[in-house]
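The residues making up each chain are set out below.
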Amino acid sequence: MIKVDDIHKSFGDAHILKGVSTQFEKGKTNLIIGQSGSGKTVFLKCLLGLFSPDKGNIIYNGKIYSNLSGDQQRNLRQEIGMVFQGSALFDSMTVEENVMFPLDMFTKQSKSEMQDRVDIVLRRVNLIDAHQKYPSEISGGMQKRVAIARAIVMNPKYLFCDEPNSGLDPKTAILIDNLIHEITQEFDITTVINTHDMNSVMEIGEKIIFLKNGYKEWEGSNKEIFKTDNKAVTDFVYSSDLFKKVRQMYLEERN
Amino acid sequence: MNYIASIGSYFIMIREVFKKPTKWPIMRKLILKEIDELIYGSLGIIIFISFFIGGVVAIQTALNITNPLIPRNLIGFATRQSVILEFAPTFTSIIMAGKVGSYITSSIGTMRVTEQIDALEVMGINSLNYLVFPKIIAMLLYPFVIAIAMYVGIFGGWIAGVFGGFSSSADFIEGIQLDFIPFHVAYSFIKTIAFALIIATIPSFHGFYMRGGALEVGKASTTSFVWTSVVIIIVNYVLTQLLLG
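Taken in order, these protein sequences are the chains called P and X.
Okay, so the first sequence: first residue is 1 according to my numbering, each after it adds one.
Okay, so the second sequence: first residue is 256 according to my numbering, each after it adds one.
Hints in this document: simulated from the structure, not taken from any laboratory.
No experiment lies behind these values; they were computed from the predicted model shown.
A couple of the hints might just be wrong.
Quick list of in silico lysine-lysine cross-link-like pairs, PhoX-like style, CA-CA up to 20 Å [what the hints assert, rightly or not]:
| no. | chain 1 | residue 1 | chain 2 | residue 2 |
| --- | --- | --- | --- | --- |
| 1 | P | K55 | P | K18 |
| 2 | X | K275 | P | K111 |
| 3 | P | K63 | P | K26 |
| 4 | P | K157 | P | K171 |
| 5 | P | K227 | P | K207 |
| 6 | X | K354 | X | K288 |
| 7 | P | K227 | P | K18 |
| 8 | P | K244 | P | K231 |
| 9 | P | K18 | P | K3 |
| 10 | X | K284 | P | K108 |
| 11 | X | K474 | P | K108 |
| 12 | X | K474 | X | K354 |
| 13 | P | K207 | P | K26 |
| 14 | X | K284 | P | K111 |
| 15 | P | K108 | X | K275 |
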């Protein structure tokens with residue numbers, strides 16, 4: 001579980017996060033949504049330890065991140081898997097080498113043990129014939145799946161995804177969403193996804209946090225988001241006619 | 256004020272490079288890869304440039320000897336002195352600042368833009384050690400490149416002097432042996448090691464701390480080349496004053 005306690009973050013005069021508190025449960029897919037500039041990425045980078053909050057704490061399983069020593073922070077980071085928006089695969093390495101990289105770096109496994117583990121995770125993300133290809137030789141959807149494979153290869157306790165289905169066609173986006181959701185439940189991981197994608201919100205948002213201007217405006221599940229009267233949330237989530245109709249149908253069905 | 260902050264950040268970066276080392280088997284592979292990219296990959300251009308620079312120095316010297324009392328072995332002597340003291344270490348380093356420095360800045364800068372550096376950090380890896388340390392170690396072989404540049408430069412001078420009809424082979428060889436001071440070679444190698452560290456670290460600094468997109472990677476490469484060259488020239492002056500002055 002990750003608990004976030006009143007975090008603030010500024011860059012110069014720009015006050016990006018203005019006291020966000022929440023918690024992310026184990027085995028659940030947690031989504032952070034909000035307009036561009038609402039502080040989502042800064043919030044995610046604070047969770048990852050890439051930015052230090054000016055005030056407030058991030059607590060991983062009862063341990064305050066900022067109170068940990070450098071070595072303890074690095075050890076904790078080895079329990080974190082991250083899927084970046086652009087996949088962030090290492091260009092100079094093949095798919096197999098990318099996925100093997102954390103194992104090579106942090107474990108004392110033999111080459112064959114590492115190979116077996118890589119085969120398992122690549123099969124789990126439905127990538128079988130791409131082992132020797134370079135990131136530039138595979139599609140965006142495949143790159144995302146490699147990034148997911150790399151993120152889960154060390155059996156992480158926490159999985160963070162920054163807009164995992166941006167730039168993907170709708171079918172592949174759903175595939176990636178479902179894959180992350182399944183992995184979260186299968187391995188009992190605490191997953192936090194930063195997204196703009198409303199399909200993800202509807203499909204896999206077991207817990208959703210809506211950020212607006214650096215504040216947590218709303219939180220709830222994908223069921224609750226249909227019922228909410230919060231204008232900021234409805235304006236954002238139901239900005240398209242399609243989603244407005246979906247919501248209307250849902251509410252009519254309930255009544 | 257910005258310059259002072261950047262200089263401070265540069266030295267903080269250097270300190271970070273030596274913290275929390277990457278596992279040796281991985282580091283060894285990275286070092287060998289960088290030796291291949293930075294040193295072996297530069298030999299062709301260095302040999303080419305050195306050969307012609309040596310030739311030009313010999314021709315220029317020969318054309319400026321108008322007084323018949325000046326011995327013809329001066330061509331060999333001037334070529335040796337010019338190549339060993341300045342052209343091989345300094346001129347070659349400026350070329351390397353362009354070739355290797357741009358490569359370092361753009362490769363690290365691209366990793367920054369595409370979040371590959373963030374990926375390393377999230378994994379708990381000291382990205383500065385992983386990316387910059389192998390380059391520093393690889394560049395420690397740079398004096399060998401300069402030794403080759405010295406040899407080829409003088410050889411180029413000999414070819415141009417003898418086959419251009421400016422000097423006899425015997426005069427030229429007598430010239431390159433004349434009043435030879437071994438410390439001049441040591442001085443040149445001391446400079447070379449300093450330049451190697453500059454070429455490895457200043458472009459890394461510009462790549463690592465850049466922000467923005469593809470356009471900024473290009474700008475960072477240009478800025479990195481300018482600053483690497485400026486620092487090489489200043490350090491060249493300071494070391495020359497200290498070691499020969």
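How the hints compare with the structure:
Distance check on the hinted pair: K55 of chain P and K18 of chain P sit about 9 Å apart at the alpha-carbon level, within 20 Å; holds. For the hint linking K275 of chain X to K111 of chain P, the alpha-carbon distance of about 24 Å lies beyond 20 Å, and the restraint is violated. Simply put, K63 of chain P and K26 of chain P have alpha-carbon atoms about 15 Å apart, close enough for the 20 Å limit, and the pair holds. For the suggested pair K157 of chain P and K171 of chain P, the alpha carbons sit about 28 Å apart, so the restraint of at most 20 Å is broken.
With a CA separation close to 14 Å, the supplied pair K227 of chain P and K207 of chain P stays within the 20 Å bound. The straight-line distance between the Cα atoms of K354 of chain X and K288 of chain X is roughly 17 Å, inside the 20 Å bound, and the hint therefore holds. Simply put, K227 of chain P and K18 of chain P have alpha-carbon atoms about 26 Å apart, too far for the 20 Å limit, and the pair is violated. Using a Cα cut-off of 20 Å, the hinted pair K244 of chain P and K231 of chain P holds, with the two alpha carbons roughly 13 Å apart.
Under the criterion of a C-alpha separation no larger than 20 Å, the hint pairing K18 of chain P with K3 of chain P is consistent with the structure, at around 16 Å. A threshold of 20 Å between alpha carbons decides the hint, and for K284 of chain X with K108 of chain P the separation of about 17 Å falls inside it, so the pair holds. A distance of roughly 41 Å separates the Cα atoms of K474 of chain X and K108 of chain P; the hinted pair therefore is violated under the 20 Å criterion. This hinted pair checks out: K474 of chain X and K354 of chain X have alpha carbons roughly 15 Å apart, not beyond 20 Å.
Taking the CA atoms of K207 of chain P and K26 of chain P, the gap is about 11 Å. The hint holds against a cut of 20 Å. Using a Cα cut-off of 20 Å, the hinted pair K284 of chain X and K111 of chain P holds, with the two alpha carbons roughly 15 Å apart. For the hint pairing K108 of chain P with K275 of chain X, the CA-to-CA distance comes to about 18 Å; that is within 20 Å, so the pair holds.
The structure fails to meet hints 2, 4, 7, 11 from the earlier list, while all remaining hints are met.
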